[in-house]
Amino acid sequence: NAGVTQTPEFQVLKTGQSMTLQCAQDMNHEYMSWYRQDPGMGLRLIHYSVGAGITDQGEVPNGYNVSRSTTEDFPLRLLSAAPSQTSVYFCASRYSETQYFGPGTRLLVL
Amino acid sequence: AQSVTQLGSHVSVSEGALVLLRCNYSSSVPPYLFWYVQYPNQGLQLLLKYTTGATLVKGINGFEAEFKKSETSFHLTKPSAHMSDAAEYFCAGVLGGNEKLTFGTGTRLTIIP
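Protein sequences appear in the order of chains A and B.
Letter by letter, the first sequence follows residues 1 to 110 in my numbering.
Letter by letter, the second sequence follows residues 111 to 223 in my numbering.
None of these hints come from the bench; they were simulated from the model.
Quantities reported herein were computed from a predicted structural model and do not represent experimental measurements.
Treat the hints with care, since some could be wrong.
[As the list claims (entries may be wrong)] Far from chain A, by Cβ distances over 10 Å, these chain B residues were calculated:
1) GLY118
2) VAL121
3) SER124
4) ALA127
5) LEU130
6) VAL139
7) THR165
8) PHE173
9) GLU174
10) LYS179
11) MET193
12) ASP195
13) ILE222
[As the list claims (entries may be wrong)] Chain A is faced by these chain B residues, among others (derived, beta-carbon under 8 Å):
14) SER119
15) GLY153
16) PHE200
17) VAL204
Even glycine gets a Cβ: it sits at the ideal position worked out from N, Cα and C.
Just chain B, same shape as in the assembly (with noise of 0.2 Å):
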């Protein structure tokens, strides 16, 4: 089945610290992948996207994402958290040929200061 998992729904770094928010695809062919991100009480933003291409796609805010097939994944990162980082992320694809988008049940990330 065509899926987009998140692992972790609640994740906490340090100011300053590296994020890692984890998210892995099933797809019987190659996917399309994003990165939402979205603030309390908004709509979500598009963070990066990976199409085809070039495996890692850098995005706004200083995040990127590697897209590694072999481990069917899309793990989002960032060098250095900032407060304003903090926010729900959400993992979406398009999947298994078809136009919808599918999303992973998201994490929360909370900066500590």
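Same shape as in the complex, but just chain A (with noise of 0.2 Å):
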């Protein structure tokens, strides 16, 4: 198993730009979820899926969209960047009480 995969692992964005980030899992996991870190503030929690066709709001959900059409796939979608959205983003995927967690996407918006 791979296991949670993020592309792409480094980006750079303009201020107004869109894209996506990308996160899959290869363990039929229902839950997955996607944070955002920054200095001194922990992991906080963007959006969240408890199985595909169903997405709901975390946190800090503000700026960001998400859609779940396979069990596998939990794009995050950046609609407008704002200097703001700089960050390491990570995915992860849940069985039972557990959190795996990907390799992260740090992201820097000019």
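Take the two lone chains, each set in its own frame, and fit them into one complex as the hints suggest.
Now the structure itself:
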């Protein structure tokens, strides 16, 4: 199993550009989530999904959209990037009570 | 409010010394608690977890943690620090009966040769 994979590894955007961060898992986990990590703030939940076709907002959802058309994939969309969205983004999938994290996407918005 | 608090954003210990990283939680129901480790420029790796049962849980790399309900704590310890333990450590919990994972702000561990 590849586990949780994320692409791209690094990305630089200009303010106002849009992009999609990809996340995939091959463990057939129903629950998936997106977090952002900022210095001194730990990880904060952006959006999550309890299964295909079902998504919900987390703690910091503004500026981000998600969809879940398949069990495997859970992309995160930035519609109009802002410098405040400069961060490291982690995708995770959950089995039972434990979440397993991808390697992260480092995003810089200029 | 449901929360996880890590005391000390930076901790330095000498190689071979005891490692103690502190974590307290607030939850209206019995929590599930986790410790994750993050090495530089990498993702988060699960060190150990407490769900139910034995309150002293052992994890990878010689770490262990004890769930103390009376103190609402889940401190992480390791008897003898190695240079390879230098990383950032996150305490996290499933609190208040909801499914979401709440993180503490992290503790950066530095090992002094």
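Outcome of the hint check:
1. GLY118: holds (13 Å)
2. VAL121: holds (15 Å)
3. SER124: Given a closest Cβ separation of 25 Å, the condition holds.
4. ALA127: Correct as stated: the minimum Cβ-Cβ distance to chain A is 26 Å, above 10 Å.
5. LEU130: holds (19 Å)
6. VAL139: holds (13 Å)
7. THR165: holds (16 Å)
8. PHE173: holds (16 Å)
9. GLU174: Label holds. Min Cβ-Cβ 17 Å, cutoff 10 Å.
10. LYS179: holds (18 Å)
11. MET193: The claim holds: MET193 (chain B) sits with its nearest Cβ about 23 Å from chain A, beyond 10 Å.
12. ASP195: The claim holds: ASP195 (chain B) sits with its nearest Cβ about 19 Å from chain A, beyond 10 Å.
13. ILE222: holds (23 Å)
14. SER119: holds (7 Å)
15. GLY153: holds (4 Å)
16. PHE200: This hint holds: PHE200 (chain B) lies near chain A, its Cβ roughly 6 Å from the closest one there, short of 8 Å.
17. VAL204: Since chain A brings a Cβ to about 6 Å from VAL204 (chain B), closer than 8 Å, the hint holds.
Checked against the numbered hints above, the structure breaks none of them.
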